[in-house]
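Line by line, the protein sequences give chains S and V. Residues in the first sequence are numbered from 1 upward in steps of one, following the UniProt record's numbering. Residues in the second sequence are numbered from 1 upward in steps of one, following the UniProt record's numbering.
It should be emphasised that the hints constitute simulated quantities derived from the structure, not laboratory data. Glycine residues also receive a C-beta, built at the ideal position from the N, C-alpha and C atoms. Heads up, some of the hints might be wrong.
Where chain S lies over chain V, by a calculated footprint (3+ residues, C-beta under 8 Å) [claimed, not checked]: (1) 217-228; (2) 283-297.
Computed list of lysine-lysine pairs in DSS-like fashion (alpha-carbon distance at most 25 Å, straight line) [as the list claims (entries may be wrong)]: (3) V:LYS183 <-> V:LYS316; (4) S:LYS59 <-> S:LYS43; (5) S:LYS42 <-> V:LYS219; (6) S:LYS59 <-> S:LYS36; (7) S:LYS281 <-> S:LYS43; (8) S:LYS36 <-> V:LYS219; (9) S:LYS59 <-> S:LYS31; (10) S:LYS281 <-> S:LYS42; (11) V:LYS219 <-> S:LYS24; (12) S:LYS43 <-> V:LYS219; (13) S:LYS24 <-> S:LYS36; (14) V:LYS219 <-> S:LYS281; (15) S:LYS43 <-> S:LYS24; (16) S:LYS31 <-> S:LYS43; (17) S:LYS59 <-> S:LYS24; (18) V:LYS219 <-> S:LYS31; (19) S:LYS59 <-> S:LYS42; (20) S:LYS281 <-> S:LYS88.
Short derived list, chain V residues pointing at chain S, Cβ under 8 Å [stated by the list, open to error]: (21) ALA57; (22) PRO58; (23) LEU60; (24) LEU75; (25) PRO98; (26) ARG100; (27) TRP116; (28) VAL175; (29) ILE191; (30) GLU192.
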Amino acid sequence: MGRKKKKQMKPWCWYCNRDFDDEKILIQHQKAKHFKCHICHKKLYTGPGLAIHCMQVHKETIDGVPNAIPGRIDIELEIYGMEGIPEKDMEERRRVLEQKTQGRTFKFLFTHLGCVSQKHRMPPMMPGVPPMMPGMPPVMHGMPPGMMPMSRMMPPTHGMPPMMPGMPPGIPPPMGHHPGIPHMAQAPPTIRPAVPATTVPTSQPSVSKPLFPSAGQVQQAGSGVAVSSSAPPSAAPKPTFPAYTQSSATAAANTSSTVAKAGTPVTSKPATLTTTSATSKLIHPDEDISLEELRAQLPCYQCKVPSAGQAHVTSPPVAPMGGVLPPLQGIPAQQPGVRHPMQGPFGAPLQGMPGYVPGGMPPYGQAPPMVPPYQGAPRPAIGMRPPVMSPGGRY
Amino acid sequence: MTGANEFKLTQGPEDSVSAVKFSPSSAQFLLVSSWDCTVRLFDVSANSMRMKYQHLAPVLDCAFYDPTHAWSGGLDSQLKTHDLNTDQDTIVGTHDAPIRCVEYCPEVNVMVTGSWDMSVRLWDPRTPCNAGTFTQPEKVSRREGRSGSGAGAALICLHAVCGCVSGLHAVCGCVSVRAFPNKQGYVLSSIEGRVAVEYLDPSLEVQKKKYAFKCHRLKENGIEQVFPVNAISFHSVHNTFATGGSDGFVNIWDPFNKKRLCQFHRYPTSVASLAFSTDGSLLAIACSYMQEQGDVSHPADAVFIRQVTDAETKPK
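Same shape as in the complex, but just chain V (with noise of 0.2 Å):
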């Protein structure tokens, strides 16, 4: 099933993974956050987990702040920063309900948290504190409060400095939300196989270049299988980018010449999460069952490193 571009970190997790994360620096190491209540770090390049620290409950995301600082926050609604050098964890501040997201906005250098009480928060890492709190507008359908909100908060927090009106309120049964590097507009992606690419210029001219597309769907015996797309990452330099579904598969997109790059081969089960590293020569592929159809026997969590090459990932 690997090939020889791709390998299965060890020591991985115990139970499904939520999220991992590259370091900003390097592509050597990967976060990565578990329902199994750890945050882990690996090297990489070596194969092994360098440190492991733990919540009270599951943990639904995780993000580095600068390379020796890890974020994450989860079921237990507490945000936590680790401190990879000393291997302390100091909690930060809470939600009132499990945290959903965690994500850093370099623009404003804060961390951004968003969770099921239907609030983003703000949160100066270098105090740390929490600097500020939304809470979402109320014509925002729950559903994307829930779900949308902490996928979109890095992006709530993009637009608060470029002061766009989004149209993530349009978006019901959203999963996933990712900017573009060049922070040119964002990608969103829904629990029926549907991704959807918006700008944020507000100009006529620019708006009028969103679009939606299906992916990640299957045919089977004339039913068609649709599925959640788990995961969005983007790849640095080239401005494509990866989405990973509970189909098992990851496809690659250019979105300005609207093509599918690459999809690589079928993992076994749900892809939960990806992520390119900073400079765009790893992809970490999440996959665990997400329990779409209840509890049934699955494939074990794992998560793999992927070389991947500028044939898969750049526009052509």
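Okay, chain S solo, but in the shape it has when bound (with noise of 0.2 Å):
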């Protein structure tokens, strides 16, 4: 297990069973998740006395403490970091804390989090979805073969066994914890935050606990720095894949602290970036497009870029197809001809297009063998997957 502290155990947020390293960390993040104001996102020292700035300040009262898991939001016990915790609850801890470090293996984590992800709304991701690794279901309901402590994920070459049918009775606990799993989110998804199962700690201690504590000590001096997101969750910018952390707008309201970056979401301001927020700073120009295509504009580039003419020398004049335009927001006054050739007639419209374009070899069957896929691979590729692929039926 990881370094004994005080109370012989690491310090743990009472809130939200999340495991820290150290006490400090704790507290910090006790006061970013459970005790920050919704309303002016000030942060207070503990429940009651966020309850009583809402009241005085605002002149709101709160029922329960934010991102707390169910049964833990008791909003007039004053609890700050390790202090104030009931016993009883100290004890439940130390006990299960004991469980786990029998090794028991974290394979219905995958049905719990099946269980959580539903409900939270995530249309891109696939069925059942995106977990987030985070949930580790209390019980170990005694899993013989394997234990794991080090590791959450059962290197995929395991055979797992499908999860435990007696599973279920023990996912309420984490199931609460919705309101948990996205601020967990906002550090990197590390398996331990969470639920009451506690961690098992990862084989070695690291500076901050980050979901990719360094393997090795040798690094650790370098470590801390790249990949200390944990357990500060200070706002961090709205993640590229929102659907791992689910920190997206359903869960934003929880989580107010995700709020600070706008970052790049999917459906609105596709235009820019907010690269700046109050405690980060996304190193990339404001354009939310690529590195290569903002460079690709500049002036000194355009100038090599060859005419339209040149550019369709071999596509077969099915015009419309290639048109899909390269969706280039920022490109206001550019030479107009040279890379966008099809920049005029064709908008929106296009999206639909399927297109197959057969490559101007109309003797396609002179080439059977390199595009097995297309005609009885293993799997029936086409028409499965979105891209539309029409191999112009010749196969």
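Hey, can you piece these two chains together into the complex? The hints should help.
As structure tokens, this is what we get:
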């Protein structure tokens, strides 16, 4: 297990059961997640403190501690770091930790996650979805084989037996974690956060407990810097992979800290990124296009791009197809004909065009072997996948 | 800055490096494409440039089809293949907009290119000629279409073969994608210090193993600086991968145990591209300022070759 800390266990947050390396970090976490006013974002020191603030300053009552798991939302209990935690909860925690260290496996992690995530909207994700890895259901119902205290993920090669039927009963506590999970997500989705289950510490202690602690002590010094985004759930920019971290709009209400950076929301603000927020700065130009695209627009490179005429030498005259414009928004006054020969006529309608461009080689049949997937590939790739791939019906 | 196990290539490109790729058969040869419109072949063991060929405009990606043929494409929208034995090049075809990504897909034996014209095209290396085109689905946000499509070309090819639905379209601001050597999944990186690991098997159990993590972030004076993660490369033997970001750091990660294995010293400027040699003994690190902060003075472009050890790349 990790370093022994006061009370003979690592500091953990009573409100959401997350583990921390350090009490200081725990307190920062509590202030940012549980004692933060949702109206003015002021960070208070305790639950009651927050309640009083809301009442006096905003004339609003709050009925529970934000981002806390059910059962731990008592706003009147004065808890600060590890102080004030009721004895029975401490004992329960110790018990759970002990169970953990006996090495149960976390397979049902996955079922649990499956249930949890269903409640969140994850449209783009695959069915069943994007878990975040965090939940560890508390109960390790005697999974004999395998105990892998260290890795939370059975390497894919292990034949993991299907989820324990006994799991569902164990799930409720983690289920209630919805509020907890998103915020956990701020910190890199360490498996550790969350859930009553507590975490089996990774085999190497590390500076802060990021998802990827340094496996080797050697690079310890360097590691803290680059990977240190765990505990201080500082207003992280809205992540690029919203599905995983679940800090998308639905969770935003719970976790005001995520809102700091609008980031790169899929649906809004297509043109620019919010690159700076109170606590973080994205080292990227403001325009929401890739670095290469931005650079390609620089005058010194523009002159090198061949004119429209040359670019279409070998394309068959299936013009509409080819005209799927590079949707570069930031090209106001560029030499028009140069890179976007099809700019004019092709607006929205293009998107629907499937278009299969046979590549200008009519005698396709001459090269059959090279495109096996279209023919009789073991799996019928086509049609399953959104990219409209119409092999011209030759196969 | 460089140690005994690392050196810088001489006669490197005169402008930013866009991609580096090792030859599939040997750790001796490295292909380097650059914004100076050239693609160069280096003999790494002798630290010399063996060959160089030109495009009409900056080259954005290059790949080996086999040890004797290099393929490349860039802003001139032309896909070229160069025979490394005869030093001759051929224009294979074009896209309607700059080509962002060129990859070889061994399962199908095609070269795959992704472009800013939102299409992915397949090319038969033997003839060579166009073998097909896919358009990005309309649901895919334009951002992904642009940076993602290129980077995801190889992946899409993989998907075509495996018939799986890709989570790629959930991603925005994706900079780079690489598939696991064991083909079980892939790794995506974004412009804001985040990397996601996803699996191709659509079954629920496997899909639940997906995760994402933050990386390449530096905290200075209370402000967290978030850097794009520009490069990913897998170690073919250990299934671990390296990421390179605009912060100038290279990290090596173990995706199964979710640990970082190693972080190298900080490079003088952004890491634009990474490539492990096929035997996993060398890592090529291309350092070029990528204009993240506009036009500022920056260190010169360089490609470093580093000998990597098991301690740095093998899961513990």
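Tested hints:
1. 217-228: holds (count 10)
2. 283-297: holds (count 5)
3. V:LYS183 <-> V:LYS316: The given pair, whose Cα atoms are some 21 Å apart, holds under the 25 Å limit.
4. S:LYS59 <-> S:LYS43: 17 Å, holds
5. S:LYS42 <-> V:LYS219: Roughly 22 Å between the alpha carbons, so the hint for S:LYS42 and V:LYS219 holds.
6. S:LYS59 <-> S:LYS36: Status holds; Cα separation ~16 Å.
7. S:LYS281 <-> S:LYS43: Holds, at roughly 21 Å.
8. S:LYS36 <-> V:LYS219: With a Cα-Cα distance of about 22 Å, the restraint between S:LYS36 and V:LYS219 holds, given a limit of 25 Å.
9. S:LYS59 <-> S:LYS31: 21 Å, holds
10. S:LYS281 <-> S:LYS42: 21 Å, holds
11. V:LYS219 <-> S:LYS24: 17 Å, holds
12. S:LYS43 <-> V:LYS219: 21 Å, holds
13. S:LYS24 <-> S:LYS36: 17 Å, holds
14. V:LYS219 <-> S:LYS281: Holds, at roughly 10 Å.
15. S:LYS43 <-> S:LYS24: 15 Å, holds
16. S:LYS31 <-> S:LYS43: 6 Å, holds
17. S:LYS59 <-> S:LYS24: 31 Å, violated
18. V:LYS219 <-> S:LYS31: 20 Å, holds
19. S:LYS59 <-> S:LYS42: 15 Å, holds
20. S:LYS281 <-> S:LYS88: 43 Å, violated
21. ALA57: Hint holds; V:ALA57 Cβ to chain S Cβ min 4 Å, cut 8 Å.
22. PRO58: 6 Å, holds
23. LEU60: 6 Å, holds
24. LEU75: 5 Å, holds
25. PRO98: 6 Å, holds
26. ARG100: At about 7 Å, which falls below the 8 Å cut-off, the nearest Cβ of chain S leaves the hint on V:ARG100 intact, so it holds.
27. TRP116: 4 Å, holds
28. VAL175: 7 Å, holds
29. ILE191: For V:ILE191, the interface hint holds, since the closest Cβ of chain S sits about 5 Å away, which is under 8 Å.
30. GLU192: 5 Å, holds
The structure shown violates the earlier hints numbered 17, 20.
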